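The chain contents come next:
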Amino acid sequence: MTADYIAQQIVNGLILGSMYALVAIGFSMIYGIVRLINFAHGDIVMIGAFVTLGLLQSLGAPLPVVAVGVLLSGAGMGIAVERAAFRPMRGAPQVTGFIASLAVSIMLQNLGILTLTAQPRNFAFPDYLQALIHVGAVGFRVIDVVIMLSAVLLMGLLLLLVHRTRLGMAMRATAENLDVARLMGIPINRTIRAAFAVGSGLAAIAGLMWGGKFGQIDPLLGYVPGLKSFVAAVIGGGGSIPGAILGGYVLGLAEVLFVGLLPPIYSAFRDAFVFAALILILLALPNGILGKAAEDRA
Amino acid sequence: MNLRRPRWIWLALALGGVAAVGLAQAAWDDYLLSIVNFVGIYAILAVSLNLTNGFAGLFSLGHPGFMAIGGYVTAILTLPASRKAMFLALPGWLAGIELPFLPALLAGGAAATLTAFLLGLSVLRLSGHYLAVATMGFLIIVQVLIENWESVTRGPLGLNGLAALTDLWWVYGGLLAAVYVSWKVKFSSFGRSMLAMREDSLAAQCLGVNLFRTRVAALAIGAFFAGVAGGLWAHLVTAITPGTFSLIMAFNIVVMVVVGGTGSITGAVVAAVVFSAATEIFRPLEESFEAYGIAEILMALVLLVILIYRPSGLFGSREPAFLTAGPTHEPGNHPATAKGGQR
Chain A
1 MTADYIAQQI VNGLILGSMY ALVAIGFSMI YGIVRLINFA HGDIVMIGAF VTLGLLQSLG
61 APLPVVAVGV LLSGAGMGIA VERAAFRPMR GAPQVTGFIA SLAVSIMLQN LGILTLTAQP
121 RNFAFPDYLQ ALIHVGAVGF RVIDVVIMLS AVLLMGLLLL LVHRTRLGMA MRATAENLDV
181 ARLMGIPINR TIRAAFAVGS GLAAIAGLMW GGKFGQIDPL LGYVPGLKSF VAAVIGGGGS
241 IPGAILGGYV LGLAEVLFVG LLPPIYSAFR DAFVFAALIL ILLALPNGIL GKAAEDRA
Chain B
1 MNLRRPRWIW LALALGGVAA VGLAQAAWDD YLLSIVNFVG IYAILAVSLN LTNGFAGLFS
61 LGHPGFMAIG GYVTAILTLP ASRKAMFLAL PGWLAGIELP FLPALLAGGA AATLTAFLLG
121 LSVLRLSGHY LAVATMGFLI IVQVLIENWE SVTRGPLGLN GLAALTDLWW VYGGLLAAVY
181 VSWKVKFSSF GRSMLAMRED SLAAQCLGVN LFRTRVAALA IGAFFAGVAG GLWAHLVTAI
241 TPGTFSLIMA FNIVVMVVVG GTGSITGAVV AAVVFSAATE IFRPLEESFE AYGIAEILMA
301 LVLLVILIYR PSGLFGSREP AFLTAGPTHE PGNHPATAKG GQR
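Keeping their order, the protein sequence lines are chains A and B. My numbering puts the first residue of the first sequence at 1, with every later residue one more than the last. My numbering puts the first residue of the second sequence at 1, with every later residue one more than the last.
Among the hints, a few may not be true.
What the hints assert, rightly or not - To be clear about the criterion: a stretch of chain B counts as covered by chain A if any three or more of its residues have a C-beta under 8 angstroms from a C-beta of chain A, and this derived list gives those stretches: (1) 125-131; (2) 249-261; (3) 290-296.
Stated by the list, open to error - Listed next, with one range per pair, are the computed distances between beta-carbon atoms: (4) B/Leu118 <-> A/Val135: 19 to 25 angstroms; (5) B/Pro284 <-> A/Asn122: 28 to 34 angstroms; (6) A/Gly91 <-> B/Leu176: 38 to 44 angstroms; (7) B/Asp200 <-> A/Gly91: 14 to 20 angstroms; (8) A/Thr165 <-> B/Ile248: 38 to 44 angstroms.
Hints were generated in silico from the structure; no laboratory data involved. Values in this document were obtained by computation on a predicted structure and should not be read as measured data. The beta-carbon is built from N, C-alpha and C at its ideal position, and this holds for glycine as well.
Full structure from sequences and hints, please.
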């Protein structure tokens, strides 16, 4: 186990963590504002991946254009899901929303199977993105750099949006207290819609990255990143955006190091490890690493 | 406790069931019988989850996990010792054991109960959707462990070639037991403490309900029947694989409980029968039209519509009047799902 090997694992962890973080942000934004664990969020990742595939292969559009298209389609999907499924049951207990989101998730997955078939599809980015770079003994592809840098860029833009604009202020106020925010004249519906749009847009971008990183996509692809990013959001502290980012990187690194540093027989247990960590965190650190205000969990 | 329940109705229903099972066993072919068996097992699952989720308000997604534990324990115990030696590397004391179906089923249920007890000690400090998430984690952990514990479970391949021990009599017996226990619990002071806890845990605590003990008991009783249902399932399909006990299955059982009305035993049975019969009927249709996924989409749609327009489910927390005799003394007209909630 050399230093190079560990450095390589850390880079891999950061790449995985970038994707988890982008998805986890959406979980946290939506949870923060409407106290909804949106299980369908992972399936937006799948939709993002398929939109990427469609735009890239049928239109042959250049990557930045594709990225914008994916962002918009994810945002549109988020708005549609919020309007159709979640708005009608706002005010119901939290568990109701959670079951509803499971239903939406199963619907999206099966609509995917119905229209696109369950067959995995190959996903190939243009060659210049696949080129290998070496820094010392650590090797990665151009796409990995693009993933890490664009994730950081998007997170920066998001933090600007949340902390420097009127919409962001409205979001923070709504997250603080929905009813009081409404009394202060904040358009609640528009704010919630914006949170779904932004969160889902980021998740769709993560779908683009996921496809580019792993090279194969299918309609059930959203399940794993959805679950893991949710865990990341809880680890970071439900409702906190910096927490979600931190949680994403922590989980990505922890998972890769778990597989990379322990003997190979343990690597099959990585999901058990992730969820055991989730349960422990829920019990020991109920507000996550960066979460504030105590919630009624017990 | 409501002492005015007309016991003869129950006797009549149970005997009617026996007659129906006898007739079905004699008249129906194997295909039809297997569908009825699946429907019955789903009814057991829904009734038992209803005890955990409906009465006590513990939102558990771990039910298939308990089912898997019960199923594997039962399957390993009934497997002839010679076959065990062929593909499993069991510890000596286990390798020689070969039990008849009933004790094996009970052992499966007991294993699930024990697991639920241990899980409950830690996880039941959480509530609401945090509990849902933690139990979902438990389900995934169980799946991963089964997939990787090859010496005992044969990993993703699962155990196959199990004896086809489950028939309609067993399923009927299991369902009868699950309904009987649920009914007894619901109309006892113990069940009332569960319902009180579900409605308002602080108020229940003030009345002297031991919240933690009640929660653990609700989870453990539900898990027992889930374990038995797992054993029945394994010996109906004559095989058991970890993939069966997925989050989708958890979701399906939850749908049945929510649609039937959280807390209503009758509702759970009716919803389980309707949904599982519908899926079994849809499956051949799906295959002939090659429209895979339609059944799941419809099920999810029905759930969404019910959650939006009738959040307390078809029956609410009630049982039909003819089973409870006259004006009901049930507290169940304000199920948790209809409450204004935190937001």
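Numbers of unmet hints, in rising order: 4
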